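Trainee: Below are the chains, spelled out letter by letter.
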Amino acid sequence: MPDTEAQMSPPPTSPAAETAPSRAVRFSLTPEDVVHAAQLHFITRMRAPRQIFNICLLGILVTAAAWAAITGLGAHPPLPLLVVIAIASPATGLFAAYGMHERAARKLYAQQKTLQRPFDVSWTDDELRTTSEDGNWRLRWSDFREVKANDKVILFFESDYMMRIIPRRHLTSAQQADLLACAGRTAA
Amino acid sequence: MSEPAQETGGGAREVRITLDVEDHVAFHRLFLARALRQPRTWFHLGLSALVVSAGATIGVKVFTGDDLPMPVALALFILTPLVRVGWGYWLTVRHARRIFAQQQSLHLPFDLTWDEESLTTRSEQGTVRLEWLYVLRVVEDRRLILVYESEALARLVPRRFFTPDQQADFLACARAVVPADG
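The listed protein sequences correspond, in order, to chains A and B.
For the first sequence, the UniProt record's numbering begins at 1 and goes up steadily by one.
For the second sequence, the UniProt record's numbering begins at 1 and goes up steadily by one.
Next up, chain A with everything else stripped away, as it sits in the complex (with noise of 0.2 Å):
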């Protein structure tokens, strides 16, 4: 923790760095932070073009199969029943999913006690890091595949699945702003 914290805040070098924000941060996660960060991951996946195009294929499918049985049994199904099934069977899904986010998320949070403990993130222009009890790591800024953010939250993307959390509650203004310049230079 000692030598990580030591190279979370260089000597300034500059006049323009003795005023620049302390890049380092001590916060624990609470309930509700993970429940922010799973709203966001929700709306961020849906979003995603790739999503769209599943969501549908998935209506197609479930139409198909419900055109090919009805007619299995001889009958002729109408167009308005198909398209009932079309959009009401990739919505249940969406619809469940998006109700149960924040119960889940509370779950998890209460599952996971590495989620718990207090951590100690520092950044510089080319890595994040972070210290707990449980260890430490470092991610370079090219690790991250994206960066969302909404009024709650900041989110580090390492995967579509996998993301470290950063309450914007606990950065000054010039804080989220340096961190999210540092993560936007690099980050792929």
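In short, the hints are calculated from the structure, not lab data.
Quantities reported herein were computed from a predicted structural model and do not represent experimental measurements.
Please note: incorrect hints may appear among the correct ones.
Said to hold, decoys possible - To be clear about the criterion: a stretch of chain A counts as covered by chain B if any three or more of its residues have a C-beta under 8 Å from a C-beta of chain B, and this derived list gives those stretches:
1) 31-37
2) 84-95
3) 104-112
4) 132-142
5) 152-161
Beta carbons are placed, not taken as given, at the ideal position from N, Cα and C, and that holds for glycine.
Assemble chain B onto chain A, guided by the hints.
Mentor: Chain B only, in chain A's frame:
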């Protein structure tokens, strides 16, 4: 386990692991297979079947004035969860391959060590220790051992990097603390 940490008689309590994409696919398959054994999953599948077949029944009545034949409603009730499970399986395999390609940390070799209290992973990205006390469950199949931190996060440990004695020792350390799971 009663032996000292480094004198287990089953070999060193350290292995070096490099995952490959098939490990990750197997990991997601096992994750899905376990989810499909949960009552909650069946409840959700049943709910979606009910919504689709009820929606179809109401839709036919509203748009045509006819009653949906019972065999058709039944077929929809059965097909909906089947399509969703098949769809989920297909997506799981695709997602596993895509996530492995995306997440660079999965490609790095790491050293896994364990003792009666915890397991620790070390890679060039850092060191993380997880106490067995905080492990939700341990699930295994022929290829992998999964160590769950929560319903959403598990560490995957391919068996092929262990000797049989190391596997037995690793699982004994886990089972001594982690509650048994079906």
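Trainee: Do three or more residues from the segment 132-142 of chain A put their C-beta atoms closer than 8 Å to C-beta atoms of chain B?
Mentor: Per the Cβ count (6), the hint holds.
Trainee: Count the residues of the segment 31-37 of chain A whose Cβ falls closer than 8 Å to any Cβ of chain B, and tell me whether that reaches three.
Mentor: It is violated, with 0 qualifying residues against the three required.
Trainee: When I compare C-beta atoms, does the segment 152-161 of chain A have three or more residues closer than 8 Å to chain B?
Mentor: holds (count 4)
Trainee: Please check whether the segment 84-95 of chain A has three or more residues whose CB lies within less than 8 Å of a CB on chain B.
Mentor: holds (count 6)
Trainee: State whether the coverage of the segment 104-112 of chain A by chain B holds or is violated, taking the criterion as 3 or more residues with Cβ-Cβ distances under 8 Å.
Mentor: This one holds; 5 residues, not fewer than the three required, reach chain B with a Cβ under 8 Å.
In this structure, only the earlier hint numbered 1 is contradicted, and the remaining ones agree with it.
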